[in-house]
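Produce the entire structure from the sequences given, and follow the hints as far as they go.
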Amino acid sequence: MNELAQHAAADLEALRAASPLVHNITNYVSMDIAANTLLAVGASPAMIHAEEEVVDFVEIASALVLNIGTLSPSWVRAMHAARSRARTRGIPVVLDPVGAGATPYRTAVAAELLKDGVDVVRGNASEILALAGAAMGPTRGVDSTHGTEEALEAAQVLAREMGCVVAVTGVVDLVTDGARRVLVHGGHPLMAKVTAIGCSATAVIGAFAAVVPDRARAAASALACFGVAGHRAGEGSAGPASFRTRFLDALYTLSPEELRREARIEA
Amino acid sequence: MNELAQHAAADLEALRAASPLVHNITNYVSMDIAANTLLAVGASPAMIHAEEEVVDFVEIASALVLNIGTLSPSWVRAMHAARSRARTRGIPVVLDPVGAGATPYRTAVAAELLKDGVDVVRGNASEILALAGAAMGPTRGVDSTHGTEEALEAAQVLAREMGCVVAVTGVVDLVTDGARRVLVHGGHPLMAKVTAIGCSATAVIGAFAAVVPDRARAAASALACFGVAGHRAGEGSAGPASFRTRFLDALYTLSPEELRREARIEA
Amino acid sequence: MNELAQHAAADLEALRAASPLVHNITNYVSMDIAANTLLAVGASPAMIHAEEEVVDFVEIASALVLNIGTLSPSWVRAMHAARSRARTRGIPVVLDPVGAGATPYRTAVAAELLKDGVDVVRGNASEILALAGAAMGPTRGVDSTHGTEEALEAAQVLAREMGCVVAVTGVVDLVTDGARRVLVHGGHPLMAKVTAIGCSATAVIGAFAAVVPDRARAAASALACFGVAGHRAGEGSAGPASFRTRFLDALYTLSPEELRREARIEA
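Those protein sequence lines, which keep their order, are chains A, B and C. Under my numbering, think of the first position of the first sequence as 1, with each following residue one higher. Under my numbering, think of the first position of the second sequence as 1, with each following residue one higher. Under my numbering, think of the first position of the third sequence as 1, with each following residue one higher.
Keep in mind that the hints were calculated from the coordinates and are not lab data. Certain hints may be false.
As the list claims (entries may be wrong) - Covered stretches of chain B, as calculated for chain A (at least 3 residues, CB under 8 Å):
(1) 17-29
(2) 60-71
(3) 221-232
(4) 255-266
Unchecked claim - So these bits of chain A aren't anywhere near chain C, every CB distance computed over 12 Å:
(5) Asn27
(6) Asp32
(7) Arg89
(8) Ala267
Stated by the list, open to error - Each computed SDA-like pair below joins lysine to any residue, with the alpha-carbon atoms no more than 25 Å apart:
(9) A/Lys193 x B/Ser237
(10) C/Lys193 x B/His231
(11) B/Lys193 x C/Ala238
(12) A/Lys115 x A/Leu152
(13) B/Lys193 x A/Ala10
(14) C/Lys193 x B/Ser19
(15) A/Lys193 x C/Gly239
(16) C/Lys193 x B/Gly239
(17) A/Lys193 x C/Ala10
(18) A/Lys193 x A/Gly178
(19) A/Lys193 x A/Met162
(20) B/Lys193 x A/Gly239
(21) C/Lys193 x B/Glu235
(22) C/Lys193 x B/Lys115
(23) A/Lys193 x A/His231
(24) A/Lys193 x C/Ile60
(25) A/Lys193 x C/Gly236
(26) C/Lys193 x B/Ser44
(27) B/Lys115 x A/Asp56
(28) B/Lys193 x A/Glu258
(29) A/Lys193 x C/Glu235
(30) B/Lys115 x B/Glu59
(31) C/Lys115 x C/Gly133
(32) A/Lys193 x A/Glu150
(33) B/Lys193 x A/Leu152
No residue lacks a Cβ here, since even glycine has one placed at the ideal position from N, Cα and C.
Here it is, written out as structure tokens:
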């Protein structure tokens, strides 16, 4: 029996038992689906962005998720303040560098948050390559133009230099802390046709990191849930909207035992 | 035959006939589902937040709904300006104090809006307890950690002191104007797994208040619709996402006659 | 065989082949459904609003969509900057004047964007009448109180004076460049019960305009897709939420050949 799949099952059970409060400073497009995904997996979501209260909210949160999809200066200031307090408190900080590489502004914001210190970064191959300064060409919008394979080397370097876990999602997902490398299989092509499902994965990594001290394991367990629920939802979906419904339902009904049996994680 | 259920049926019929324009200054997470819920029940939603136009928009609206879920200073200023004009015009103002008690900022904003004068407040037990200064412990994020029962006394005091109607939603919903107390049963556990369904209930209370002068009755009728549609949708749902779809469909197809038969409201 | 339906089929095929990156500065309510609609039809959506990066993002986009649904001053400044750069680059600019006529602020913002130069405007009859200065009464919120028929004359005058294409959507959709007039039939009454489906139509016009130089043809082809997918989705829908799911699925699975057969476009 796969040890990593057993970890994933135990982690999902721990998440459901703790129902961690996940503080998201995230983009407008993702708010509905990210909150619903966190609820479906068993966490408690909150979307709070005002500089006037983010630091106070971090005090009661169990994880902080920063997503730059629709950033603006006041949101960036709130992200920095919340990040700083979260690190001091010792709760995990997860960064989603949406569209890094697409404009100088967002690349710089993502790089600065990363440099200041985060626990996990989750992006597609293009975003991770841009962040690692290794992009072989201009990033195209917020969708990826590079394969996971290509970003593997960049992810490991980034993880080592920044002292964080890097997750690169795509047809196959990669999680690395610079030393270890884990691949997560599963999912379904329709996942790429539902907006902000990657942002939702980042949020769920935050929920797992709230209950799993090993951040690489937390990220792999979160992505394993997405892999299994995505695979299950894909069968019989008539298109991306019915897939979205079935995916959230599948995530909600997924038992630790089913996750243990169906997760496809390899070291 | 239950008189309150008959009221609810008549109120739903009045709402559908008038299709009131409901002006929402609400949080980002709830915008999609709140607008769709208002459309499903028969109202006309608008989400307008700029200080440059909220007062002008209140002029043509039939109800104003204020929701502090993702507040920030400029939105709060717009809420105050809109609230003031709405009260002068005599259209109902409904407040959703999302996460009151979670941070000093949002507790203060909610309390000030309430103090300035609103017609109905709708929250979960924790939020109402925080607002009433009666919280027995720190509020946890935006989800409730207290039962409706516990908040009953606080709600009545709040309603009396503030001269408004208070609705506390949970497994059983409570509506009080300080003197009268109405309980609304129904719904389904999956409602707690769909983000912003509480915000949507607040919006629909606004729609009912636009056509029903008795604010307590308006709130009870709105929650009765949610109770019946939630109960219907729950049967056969595969999870929270299919529940959401079925709930909105059920709200749309709910007839006044069905509401009269199935509503479970007790004085 | 209808030549316009053949155009629509060819245009859908071109869109799917190019998968154009559509830059949206749009309202909060529409973000989820507009992004998912663009993905379903075959385009690549991005929602980017910060003044710090919109001009840079326009450089890599294939179309710009401006939607004033939840406007505020900083967003309006970003719209102007993005619009200006897009016109210089020669990529199409599509404007959705949501709620024009409802407040002086939004009417003025929409009129100024239009005056500065856009390629296509898409609105309901009330919005187009307000923009054309021909409204026969106050606009009511964001839903239309006028028929397409009534707005026909206003649309043609507006198109001629502003040198743009005007699309008026309703039970029957009208597209005009001031000289030519095309009517698009189809759709379903439930479309009016799904929030921001009009905003999504505007976004999809942007996607078609990115690959079809004739802007009137691009708008007609986009609306023909909506007409066919809406008609298909309407059959068997239990209400507005299941309709929304079925509509997005229908848009995703719609083949050029089916569009050619089922599109109801007339010159």
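Hints versus structure:
no. : hint                : verdict
1   : 17-29               : holds (count 3)
2   : 60-71               : holds (count 3)
3   : 221-232             : violated (count 0)
4   : 255-266             : violated (count 0)
5   : Asn27               : violated, 7 Å
6   : Asp32               : violated, 5 Å
7   : Arg89               : holds, 29 Å
8   : Ala267              : holds, 34 Å
9   : A/Lys193 x B/Ser237 : holds, 24 Å
10  : C/Lys193 x B/His231 : holds, 22 Å
11  : B/Lys193 x C/Ala238 : holds, 22 Å
12  : A/Lys115 x A/Leu152 : holds, 20 Å
13  : B/Lys193 x A/Ala10  : holds, 22 Å
14  : C/Lys193 x B/Ser19  : holds, 12 Å
15  : A/Lys193 x C/Gly239 : holds, 24 Å
16  : C/Lys193 x B/Gly239 : holds, 24 Å
17  : A/Lys193 x C/Ala10  : holds, 22 Å
18  : A/Lys193 x A/Gly178 : violated, 30 Å
19  : A/Lys193 x A/Met162 : violated, 31 Å
20  : B/Lys193 x A/Gly239 : holds, 24 Å
21  : C/Lys193 x B/Glu235 : holds, 24 Å
22  : C/Lys193 x B/Lys115 : violated, 36 Å
23  : A/Lys193 x A/His231 : holds, 14 Å
24  : A/Lys193 x C/Ile60  : holds, 21 Å
25  : A/Lys193 x C/Gly236 : holds, 24 Å
26  : C/Lys193 x B/Ser44  : holds, 9 Å
27  : B/Lys115 x A/Asp56  : holds, 24 Å
28  : B/Lys193 x A/Glu258 : holds, 21 Å
29  : A/Lys193 x C/Glu235 : holds, 24 Å
30  : B/Lys115 x B/Glu59  : holds, 23 Å
31  : C/Lys115 x C/Gly133 : holds, 13 Å
32  : A/Lys193 x A/Glu150 : holds, 22 Å
33  : B/Lys193 x A/Leu152 : violated, 36 Å
Of the numbered hints given earlier, the model fails hints 3, 4, 5, 6, 18, 19, 22 and 33; all others are met.
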